[in-house]
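K.L.:
Read off the chains here:
2 protein chains.
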Amino acid sequence: MDNTIAKAIQDDYPDDFSWCYGCGKLNENGHRFRTGWQGKNTITIYTPKNEHTALPGFVYGGLIASLIDCHGTGSASLALHRKNGHEPGDSAEPPRFVTASLHVDFIKPTPLGIPLKAVGTIEEIHPKKFKVHTEVFADGKVCAKGEVIAVVMPSTFMDN
Amino acid sequence: MDNTIAKAIQDDYPDDFSWCYGCGKLNENGHRFRTGWQGKNTITIYTPKNEHTALPGFVYGGLIASLIDCHGTGSASLALHRKNGHEPGDSAEPPRFVTASLHVDFIKPTPLGIPLKAVGTIEEIHPKKFKVHTEVFADGKVCAKGEVIAVVMPSTFMDN
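Chains as they are written, first to last, in UniProt numbering: chain A, 1 to 160; chain B, 1 to 160.
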């Protein structure tokens, strides 16, 4: 498994958008998920901490849901950014997305102690709305499948 | 809002099932969600930490998904436990559930710094499978809605 994500979209989020507990580069207590391109797919790789247990030896479902959530918004941002002619690291500010809905099917117990790899396939369903299908692999086996509907953050988001 | 859950189902889980990052009473680093009855509904109340941010001032969606997830399995356990003639605190060991699927619709940005209240409505769809509909309230307003399919943990769960 290629464990390197050289250029992640989250690295380019402006500071005021970098406090997400899942994927904010400035949130020292968070997971700091990083999402990048791998061909036409997107990937996020994360090794859960020992405390992220469901039952001993297996990964907590809420952590998997969190991974799928941030992988989804990051993937949508990557997709619209590319549509706008940009790639991570080219110094343009990426579009910001929020999650409208999140769905996770837990396929099998996910072993703790190894890297999880989320692989996303992106579908544009509206110029400002993307559906991201994600499979989460542990040791090459699919442990969970997810779907995120991500929408461009409304300018009034924080006024609601 | 009634902020007290006198008797939570998680208090009665046996020790080997009490390490969940979301709701395990023995996981000192976890959220330690506690779920109890409120009439025919179930409730879980949790105040997110300052670090559980999406954007500054708002709660991280993955935390809300985690709350809905553990609230769902806890609610299913409460329901089957009651069907079996038991209530939390009566010293009987509750049935153990795992999440088959999780769905969350994020209705509006969820303010950080106040208690979140998850309220569940339980639907039995099979003797070993329950659907739990959950609404998450902040300051009396619904911020997210969720649905969990919870199934009795197979005896082979950890062998998969």
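Keep in mind that the hints are not guaranteed to be accurate.
Pairs involving identical chains hold if they fit within one copy or between any two copies, as the list cannot separate such chains.
[Unchecked claim] DSS-like, lysine-lysine: derived pairs with alpha carbons at most 27 Å apart:
(1) K83 x K141
(2) K129 x K108
(3) K49 x K129
(4) K128 x K145
(5) K145 x K129
(6) K108 x K7
(7) K83 x K49
(8) K129 x K83
(9) K49 x K25
(10) K128 x K49
(11) K83 x K145
(12) K108 x K128
(13) K141 x K129
(14) K108 x K25
Hints are computed from structural coordinates only; laboratory data are not their basis.
K.L.:
All the hints need checking, so say for each whether the structure fits it.
P.N.:
Outcome of the hint check:
1. K83 x K141: Result: close neither inside a copy nor across copies, 31 Å intra and 37 Å inter.
2. K129 x K108: between (30 Å within a copy, 17 Å between copies)
3. K49 x K129: Result: close neither inside a copy nor across copies, 32 Å intra and 30 Å inter.
4. K128 x K145: Both, since 23 Å and 23 Å are each at most 27 Å.
5. K145 x K129: both (20 Å within a copy, 20 Å between copies)
6. K108 x K7: Result: close neither inside a copy nor across copies, 31 Å intra and 31 Å inter.
7. K83 x K49: For K83 and K49, neither the intra-copy (35 Å) nor the inter-copy (37 Å) Cα distance is at most 27 Å.
8. K129 x K83: This pair counts as within: shortest intra-copy Cα distance 13 Å, inter-copy 43 Å.
9. K49 x K25: Classified as both; 17 Å inside a copy, 18 Å across copies.
10. K128 x K49: neither (34 Å within a copy, 31 Å between copies)
11. K83 x K145: within (26 Å within a copy, 32 Å between copies)
12. K108 x K128: between (33 Å within a copy, 18 Å between copies)
13. K141 x K129: Close across copies (25 Å), not inside one copy (29 Å); limit 27 Å.
14. K108 x K25: between (30 Å within a copy, 24 Å between copies)
Consistency note: the structure conflicts with the earlier hints numbered 1, 3, 6, 7, 10.
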